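With these hints in hand, go ahead and build the complete structure from the sequences.
Single-letter residue listing:
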Amino acid sequence: MKILSKLRASIAVAAVLILSAVMFVDINDAQAEYGDVVINNYSDGAGMRPVVFPHWFHRVRFRCKVCHADLGFKFQAGGNEINMVKIIDGQFCGACHNGDIAWSVENCNLCHSGKPGTPTQVHESTVQKLAQPSGAKK
Amino acid sequence: MKISNRISVIVAGLVLALPVFAQQSGKDVYTKVCSTCHATGLAGAPRLGNGGDWAPRAARGVASLYQSALTGTPKGMPAKGGHMTLPDAEVKAAVDYMLGSVKDAVKAAKAEAEPKKEEAKKEEPKKAEARKEEPKKVEAKPAPAPVAAAPAAAPAPVASVAPTEVSAGDINSFNRLLKPASKRNLPPPEDGIHDPANDGTHALQPPLTAFGALPKSNAGNRVNWVEAIGQKKINPRYDRNDPKAEPIVMDLNIVREVKGSMPDVVYPHKQHTEWLDCSNCHPAIFVPQKGANAISMASILLGEKCGVCHGKVAFPVSECRNCHSKKKDIAKAPAPAAAAK
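Residue numbers (the numbering used here), protein chains in the order written: chain A, 5 to 142; chain B, 20 to 360.
Don't read these hints as lab results, they were simulated from the structure. Being a predicted model, the structure only gives us computed values, none of them experimental. Even glycine gets a Cβ: it sits at the ideal position worked out from N, Cα and C. Just so you know, nobody snuck in bad clues.
Listed next, the in silico DSS-like pairs over lysine-lysine satisfying Cα-Cα at most 25 Å (straight line):
#, chain 1, residue 1, chain 2, residue 2
1, A, K78, B, K324
2, A, K133, B, K202
3, B, K235, A, K133
Each pair of labels, with its calculated beta carbon distance range:
#, chain 1, residue 1, chain 2, residue 2, range
4, B, K346, A, D48, 47 to 57 Å
5, B, P206, A, E85, 25 to 35 Å
6, B, A311, A, K78, 20 to 30 Å
7, A, M88, B, T59, 29 to 39 Å
8, B, N312, A, K78, 14 to 24 Å
Rough simulated footprint, nothing fancy, chain A against chain B, three-plus residues with beta-carbon under 8 Å:
#, region
9, 200-207
10, 211-220
11, 223-229
12, 245-257
13, 286-298
14, 330-339
Shown next, in the form of structure tokens:
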């Protein structure tokens, strides 16, 4: 009997933990900076944390045009199919994150810093905050 | 014989002396190894001397703490703090040292845990009473812990879509525009998107350290970015390699007459070309021809037209008057009335 009740208790605790973990990952709970982009095209699948791109940090240093015109970043979260090979070859993030203009790719955890399981999104975007119609772009 | 005797004496002496010399005190180990994380709370490590951090962990027993320290935890504690050469005894000594720094709080936590066990065992009521007095003292001490937990726990009701789940305290917080000041511009480890267990997260710049001197606004990052450039508080590069490249600014206002009662929209090319290149908007998002673009608030809210940026990075649609800024020409309004005569 004791073992049974212990088992039950531990299952209950586990359930609560899992639930709280799920709640924690819930994007709407987050208080991240307006415009922070989470990119999780491949990260979760590769066992890495998703990438968090802080727009505010970059716009203090560069005008929008530098990335969105010169480097060809589309205005769409997760729409650029960025991967590490492209970055190492100097495309996308790699155009600056090469140890020359900004720190280079070996600092994995500075970009791959999101909570595992966070979906691709523009944090706090109007679209995210609306009751979202199916098929709407994020 | 003599030489070998000497050698054996020396060896014996060394063997005897080694444990004395090599055994570092818990404090030494803490200073050399553990303090990297446990002084500042890096990656969520319980901090030296912080009762709130240690109490819940100590409640699980010293053996469990030893275990965590020796083998590491999934939360981020590396086995032996990443120094695999440390003898187990020294790791344990360091744990003891850190526990010693929070003796009172740990005792309190034990006192809290034990009455529950004892009730189950049905011990003598006298002892139970004696124990019950202790937790009262205790409750005041772990108070700092809930403060740390609050940011994580409080926003939970915000997420709920069903109005029934919104607690009375959060009655207004479903609206992102009413985010309380305490939840704005949080540092990365607390913002809910970054993983606090990741060491890199703690190396990232907290937004407020950059926003301090910048002009304020009421939405988005709470920074008026256009003003920030206008007042030369920031000078972001226009070319990634050339810090001296100047933007090609085009000063042309486009007025869009709006149906309904809202003021007409004035679109300033100037502020946009400070940041952007023509090709960012034309021709993909906006056909560069008067009257060729059907824009509605609905499409903007769904992330099209102006909404490609406004509502994602540029100021959101809550700032109506930033765009709807030109009073309608009143001279036109009486005209139909005059015609009716």
